[in-house]
Amino acid sequence: MSWIQNKFEEGLIVTSLDWALNWAKLNSIWPMTFGLACCAIEMMATGASRFDIDRFGAGAFRATPRQSDLMIVAGTVTYKMASRVRRLYHQMPDPKYVMAMGACTIGGGPYFKHGYHVVKGVDLVVPVDVYVPGCPPRPEALLEGLMRLQDKIRHQTIAKTPEVKAKEKVLTTA
Amino acid sequence: MTPEQIAETLKAEFDGAVVDAIMSGGHPSVVIAAERWHEVALFLRDDPRLRINFLRCISGIDWLERGEIEAVYDLQSLRPAGPGELWSGDNDVAVRVRVPREGGHIPSVADVWPAADWHERELYDMFGVVFDNHPDLRRILCPDDWVGHPLRKDYEHPLEYHGIPGTTEFGQKSPRH
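One line per chain: the protein sequences are A and B, in this order. Just so you know, my numbering puts 11 at position 11 of the first sequence, and the rest follows in order with no gaps. So my numbering is basically just the index in the second sequence, starting at one, shifted up by 1000.
So that you can see chain A by itself, here it is in the shape it has in the complex:
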């Protein structure tokens, strides 16, 4: 959640501003250069010329979490790696998104039963926005996941949602 989200009353200007903000945000989701296992190979293929994730404005793989909006957790997360994943997530500036790519990050995958060292899903470590299933997912699947993330951003608003208003009401009456 970014600093501007759900802060203003609804209105014509807010609606138009929403469109502009979301247009800018969803067409410049910069991912972090962060590959953990074989899924990273597919992620690299997605970034290369044949599939070209840059068509969606997400081709600028940043080498630091400070400059990235999206963490594609591409590969098996071990317990040893989990603390690093969590730290990288906290180092990313808001608004930030996490995509769980592949069976391992979704729920342990092939290591679910006998992988003593594998985290049974990266959502036990960081909150996940989009799950991309596959082992590993094809680049098209990763692009689809990116488009679902863009859908999610497209529906963001700086207007106050009913939930926010209800919370404010509780705070003012208390």
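It is possible that some hints are incorrect.
With a Cα cut of at most 25 Å, we get these calculated SDA-like pairs of lysine to any residue [to be verified]: (1) Lys113/A x Val1130/B; (2) Lys80/A x Tyr1155/B; (3) Lys1153/B x Pro110/A; (4) Lys80/A x Glu1122/B; (5) Lys113/A x Asp1136/B; (6) Lys80/A x Trp1118/B; (7) Lys80/A x Asp1117/B; (8) Lys80/A x Arg1139/B; (9) Lys80/A x Gly1163/B; (10) Lys1153/B x His114/A; (11) Lys80/A x Leu1141/B; (12) Lys113/A x Asp1117/B; (13) Lys113/A x Leu1064/B; (14) Lys1153/B x Gly115/A; (15) Lys113/A x Leu1042/B; (16) Lys113/A x Glu1122/B; (17) Lys80/A x Asp1020/B; (18) Lys80/A x Cys1142/B; (19) Lys80/A x Glu1160/B; (20) Lys113/A x Pro1080/B; (21) Lys80/A x Asp1136/B; (22) Lys113/A x Gly1163/B; (23) Lys80/A x Ser1059/B; (24) Lys113/A x Glu1160/B; (25) Lys80/A x Met1001/B; (26) Lys96/A x Arg1139/B; (27) Lys80/A x Arg1138/B; (28) Lys80/A x Pro1083/B; (29) Lys113/A x Pro1165/B; (30) Lys80/A x His1162/B; (31) Lys80/A x Asp1154/B; (32) Lys80/A x Trp1113/B; (33) Lys80/A x His1149/B; (34) Lys80/A x Val1130/B; (35) Lys80/A x Lys1153/B; (36) Lys113/A x Pro1158/B; (37) Lys25/A x Arg154/A; (38) Lys80/A x Gly1128/B.
Worth flagging that the hints you see were computed from the coordinates, not collected in a lab.
Please arrange chain B on chain A, whose structure you already have, making use of the hints.
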């Protein structure tokens, strides 16, 4: 030299160090008593007939019923067949060292073959075998605060690690962020 000849040489050189020689199957090996292993390793490397200069791998086996842990050293001599020739392997043999599961000690051969350094650390990490005189015996794959040695047959999976629930059951605990 064939594995049989190597076993005979070792039996002649070291009285009582060769416990057994397993020559059947595709993986001929010599079982060496743990306390004699370091001097045997030096002999294997330095003897002009053998010159085994390449430690390919160290594997571990947990024999739960026998109460033993076995370290398998795959050894080979690498040298050029002649002047200007390609390098090729010779004197292939495996060495097995058996120690009790609890409190087993094997002398380190990291000073004989430097490749043994990390392999012995891995064996310590996965099986809990202690290597005497190892330069830096720490866990190599698991985190330093890991409990247990994962490749032992009676190892139990962690149910929690640093606040992350770990379970092999389908009733997964709720996410904690």
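Evaluated hints:
Between Lys113/A and Val1130/B the CA atoms are separated by roughly 29 Å; this puts the pair beyond 25 Å, and the hint is violated. About 18 Å separates the Cα atoms of Lys80/A and Tyr1155/B, which keeps this hinted pair within 25 Å; it holds. Between Lys1153/B and Pro110/A, the direct Cα distance comes to roughly 20 Å. Compliance with the 25 Å bound is thereby established for this hinted pair. Taken as a hint, the Lys80/A and Glu1122/B pair is honoured in the structure, with Cα atoms around 16 Å apart against an allowance of 25 Å.
The hinted pair formed by Lys113/A and Asp1136/B fails the criterion: a straight-line CA distance of about 33 Å is larger than 25 Å. About 19 Å separates the Cα atoms of Lys80/A and Trp1118/B, which keeps this hinted pair within 25 Å; it holds. For the given pair, Lys80/A sits about 22 Å from Asp1117/B by alpha-carbon distance, which is consistent with the 25 Å threshold. With a C-alpha separation of about 12 Å, the suggested pairing of Lys80/A with Arg1139/B holds against the 25 Å cut-off.
Proximity of Lys80/A to Gly1163/B is assessed by CA-CA distance (about 12 Å); at most 25 Å being required, the pair is judged to hold. For the hint pairing Lys1153/B with His114/A, the CA-to-CA distance comes to about 12 Å; that is within 25 Å, so the pair holds. Of the pairs offered as hints, the one joining Lys80/A and Leu1141/B holds, with about 9 Å between alpha carbons and a cut-off of 25 Å not exceeded. Between Lys113/A and Asp1117/B, the direct Cα distance comes to roughly 31 Å. Violation of the 25 Å bound is thereby established for this hinted pair.
Note on Lys113/A and Leu1064/B: the hinted pairing holds, with a Cα-Cα distance of about 22 Å set against a maximum of 25 Å. A distance of roughly 14 Å separates the Cα atoms of Lys1153/B and Gly115/A; the hinted pair therefore holds under the 25 Å criterion. Simply put, Lys113/A and Leu1042/B have alpha-carbon atoms about 43 Å apart, too far for the 25 Å limit, and the pair is violated. Proposed proximity of Lys113/A and Glu1122/B is supported: the alpha carbons are some 23 Å apart, at most 25 Å.
For the suggested pair Lys80/A and Asp1020/B, the alpha carbons sit about 40 Å apart, so the restraint of at most 25 Å is broken. This hinted pair checks out: Lys80/A and Cys1142/B have alpha carbons roughly 7 Å apart, not beyond 25 Å. Restraint check for Lys80/A and Glu1160/B: satisfied, since their Cα atoms lie roughly 13 Å apart, inside the 25 Å limit. Taken as a hint, the Lys113/A and Pro1080/B pair is broken in the structure, with Cα atoms around 47 Å apart against an allowance of 25 Å.
For the hint linking Lys80/A to Asp1136/B, the alpha-carbon distance of about 20 Å falls within 25 Å, and the restraint holds. Between Lys113/A and Gly1163/B the alpha-carbon distance is near 19 Å, which keeps this suggested pair within the 25 Å criterion. Proximity of Lys80/A to Ser1059/B is assessed by CA-CA distance (about 23 Å); at most 25 Å being required, the pair is judged to hold. Proposed proximity of Lys113/A and Glu1160/B is supported: the alpha carbons are some 15 Å apart, at most 25 Å.
Of the supplied pair hints, the one linking Lys80/A and Met1001/B is violated, its CA atoms being roughly 45 Å apart against a limit of 25 Å. Between Lys96/A and Arg1139/B the CA atoms are separated by roughly 35 Å; this puts the pair beyond 25 Å, and the hint is violated. Restraint check: the Cα-Cα separation between Lys80/A and Arg1138/B comes to about 15 Å, which is no more than 25 Å; the hinted pair holds. At roughly 49 Å between alpha-carbon atoms, Lys80/A and Pro1083/B are farther apart than 25 Å, so this suggested pair is violated.
Our distance criterion of 25 Å between C-alpha atoms is met by Lys113/A and Pro1165/B, whose separation comes to about 14 Å. Proximity of Lys80/A to His1162/B is assessed by CA-CA distance (about 10 Å); at most 25 Å being required, the pair is judged to hold. Annotation: proposed proximity of Lys80/A to Asp1154/B holds, straight-line Cα distance about 22 Å (limit 25 Å). This hinted pair does not check out: Lys80/A and Trp1113/B have alpha carbons roughly 29 Å apart, beyond 25 Å.
A distance of roughly 15 Å separates the Cα atoms of Lys80/A and His1149/B; the hinted pair therefore holds under the 25 Å criterion. Distance restraint check for Lys80/A and Val1130/B: the Cα-Cα separation of roughly 23 Å lies within the 25 Å cut-off, and the hinted pair is therefore satisfied. For the hint pairing Lys80/A with Lys1153/B, the CA-to-CA distance comes to about 22 Å; that is within 25 Å, so the pair holds. Distance check on the hinted pair: Lys113/A and Pro1158/B sit about 12 Å apart at the alpha-carbon level, within 25 Å; holds.
Between Lys25/A and Arg154/A, the direct Cα distance comes to roughly 9 Å. Compliance with the 25 Å bound is thereby established for this hinted pair. At roughly 19 Å between alpha-carbon atoms, Lys80/A and Gly1128/B fall within 25 Å of each other, so this suggested pair holds.
Comparing the model with each numbered hint stated earlier shows that hints 1, 5, 12, 15, 17, 20, 25, 26, 28, 32 do not hold.
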